[in-house]
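Novice: Hey, can you work out the whole structure from these sequences and the hints?
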Amino acid sequence: MRFGVIRFPGSCDDVDALLACRRVGEAELLWHADRDLRGVDAVVVPGGFSYGDYLRAGAIARFAPVMAQVAEFARAGGIVLGICNGFQVLCEAGLLPGALLPNTSLRFVFRQVALEVASTDSPFTCGCEIGRRLSIPVKHTTGRFYAPADQLRALHAEDRILLRYAPGHNPNGSLDDIAGVCNEGRNVFGLMPHPEHAVDPLTGSVDGLAIFESIRAHVAGRALV
Amino acid sequence: MRARVLVKPKAGILDPQGQAVERALPALGFTGVANVHVGRLIELDVEDPDQLPEMCRRLLTNPLIEDFEIVDAGSS
Amino acid sequence: MTGATARHRELGLTDGEYELILSLLGREPSATELAMLSLMWSEHCAYKHSRKVLRRLPTDGPAVLMGPGENAGVVDVGGGLAVAFKVESHNHPSAVEPFQGAATGVGGILRDVFAVGARPIAVLDSLRFGEPAGSRRSRYLLERAVAGIGHYGNSIGVPTVGGEIYFEPSYEQNCLVNAMCLGLAPHERLIRSAAAGPGNVLVLLGALTGRDGIGGASVLASAELGEGDEEKRPSVQIGDPFAEKKLMECCLELLERELLTSLQDLGAAGLTSSSSEMAAKGGVGLEIVADRVPVREPGMEPFEVMVSESQERMLCVVEPERLEEVLAICERWETLATPIGQVTDSGRLRVLWRGEVVADLAASVLVDECPLYDLEPAEPGAGIVLYGPGPALLDGGQSAAETLLTLLGSPNLASRLPVFEQYDPVVQSRTVRRPDQADAAVLALPTGEAIAVAIDGNGRRVACDPRRGAAEAVLECAANLACVGATPLGLTNCLNFGNPEKPHVAWQLTEAVDGLAQACDALGVPVVGGNVSLYNEAPSGPILPTPVVGMVGRLADPSRAGRLAFSAAGDAIALVGAFEPVSGGSELAKLRGEPPAGPLPELDFESARAAHERVRALVAAGAVRSAHDIAEGGVAVALAECCVAGGVGASVTLPAGLDPFGEAPGRAFIVSGPAEALAGLDVIGRVGGEALSIADLLEVAVSELRSARDRGLARFL
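Protein chains in written order, with my numbering: chain A, 1 to 225; chain B, 1 to 76; chain C, 1 to 717.
The set of hints was computed from the structure by calculation and includes no laboratory data.
Simulated crosslink set (DMTMM-like; lysine to aspartate or glutamate; CA at most 25 angstroms straight-line):
1. C:LYS52 with C:ASP374
2. C:LYS48 with C:ASP15
3. B:LYS10 with A:ASP176
4. B:LYS8 with B:GLU43
5. C:LYS502 with C:ASP514
6. C:LYS502 with C:GLU10
7. B:LYS8 with B:GLU69
8. B:LYS8 with A:ASP150
9. B:LYS8 with B:ASP48
10. B:LYS10 with B:ASP72
11. B:LYS10 with A:ASP150
12. B:LYS10 with A:ASP177
Specialist: Take a look at the structure:
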């Protein structure tokens, strides 16, 4: 399968995401100003500080030309993974519910946190078991997940919270320890932790590979149908 | 016209910046301070002020978490 | 006295220097020329009090590809790859506005590194503040400087992989913010700053030019500026990491496509220093049409454009036929690119403004003719106390366990996690060892090998004995590298001192440089670049003399990079290296309120080097599970750090007569591993249990050690 990783001005973890995707398939960079997803099977909106995070994190990137294509791709059921700043962009773009607010500490936090898989009913977690712990780093200033009460109820009722911070590991004050959520169609997923920074035993844990391998398995299974 | 858009956290949303300021002021001897909220100010020259609310809803604020107020700052 | 002579003094030039300018020019300088000369002949740009003494440092080595004088030093790391690195101070701006001062310090050192064609791959910082317990200002400076470093490094996608922080009263008014950056490049991508090729185009890249950092030169403003206009001259430079990220990617792409003839960053003295250095190094001239420089505010004068220190700008030389392609790439990266002049064969820097020549100087006058001064060092007489005693937290009446817990909880030794958590250490997917995992950061290379880097300096010990203290900084850096299994390739230094015109500061500086040179010679590590920051003084006196050393090394197998944590119960613990620590200059002496005075242990470079080689070999062979150098707080603190990092205890018996809290940094190590692997070493105990137990001295639960160490700095942030 082939991943496309979007590069905005200010993307920082774009190459990291590219390298992580290449551990399970092919991957290429997609330029923010192009209106072409080049037929990729899955899109990754990576971490960083797109457009300097000026105004609000993700607020300007969502209007990049490539994002119109991403929205269309998502509406057609395409797999979209937003990591950290990518999660913020997808929320701003309305492709995911909720918003990311400044951490309660008001500080940037880097921390290797423990996550728990809360739902395996998604292309992103289908290779995991419920309750499996993943050791993955977070690094952000604006990662406190918030959703108004009605949206939050829907997220719970529809089993759309895919990852939670394990008890005691919530680094930012996110509601209900939410680390990552998907859309109604379950094909768009955003998370604050960085699975692309947990794919190599040399540099840390390999638990993030579970997300990328799940996507590969899902796409492979879909191709068989 | 010269316009000002005041952006502030939506009522009821945890505002740690506001809380930090609210805690800091008494430490400096300023008492009787409550309900501190920290937002931001956007100043701009606009030809058509009627477009301002839509600008606010689409880009300048995130309506899920922020309220805004448009202030006429007089002619530029 | 004429108006002009009064002006040169306000600009910081001495009468003698001004006389020299008059004779070199054969006329009075124009206002623009005077502004340019005053900055180029400042201590900051000309190193006029330090250049002579710096010549004592060894700069040659088998791995050196670029030495001092370029934007950054560069060493070969094998496989056709090179690592560029440099440390630089941003002390004064950080004391004025710590967030922006520290942020722009990081921005500046990043530009130095990508100016030689290397992609920045890591940042480290060396910070000094006043005592946090007694000073609200010091806590504020600490918090904001850390936030500023994080803001810039995190936003631009360069990992902050290490650093050090110390607190001493003498830094209360003069905090130190030294930032180091490393970059990676294929050999053929390296570029120098020397301009070349008359007729080639000079292109300014990046941010708009404003009145940032005009500072002292503002006395030259023409009389037309009215009262209150001073407020329009910001002394604080604001960093924009987003602009720099685009500028960096843009420059790297321009270099990758081989479109540039030369490249230089704009730092202190802005366009003036970058252009004159490019011209002087290349033996060519440059003509700058200053009114083509895009400005941020109206009404700027030519001298302001020429000396502005606005951030996020670079200057490059481009062949005319490649200009169009260069401009297209800049547009793609949303980076402003403006042709502002051309290379000439005159050897002169000519500045035009609205069709008139406002400056016309030989580039060499700006760069090479500033007089260099001899220092007049004098060792302070016996009994003279340069730095007073501090508050005493311990009086000798405490038990060894209480002493150990107090040391671990002191701001200088406590866990740095509350600071390191504010930095991204993993972006770019190279970081094999993060802070707290090992004594040096380790970064994997595409060749399959890795580099290691550490930064060290201890002003307190340098104050005790400038020569030995400075040499110890080199030894400790090399020891840190040995702990991860790396062999040193080169080092960079930042010399932070007080006013060198004071004889005792001059003595500190010359002694420290001699100590650095001795240690570098003994270990075979060349100095490939650095920076000097003088006049760090407050009314109460100078800072502690603070040479900071950053060292880069190479290791073959990153999977064997050493860790500092004890990990396996039953492992043997050994002491490696000749270790005769003393109390003078130690952290314990400080906690007892003693001033930084008294003899440091003698330097035996051969013995230290042998210990480094032994540990390096053990780590590189995968024979040991942990390695940690014994530094501040002595062997007791080193053991406690290994226990806390691993969450496991240890039982040891120290050699008879060894001061458990005495210090002799850079000379000895604690290693642990299977007993058979440590055969032949001086085994002093075993890993295991839930407490650190030192026979006949102390027994403290690891949880207690951890909680003391965790709280020590966190309580101030």
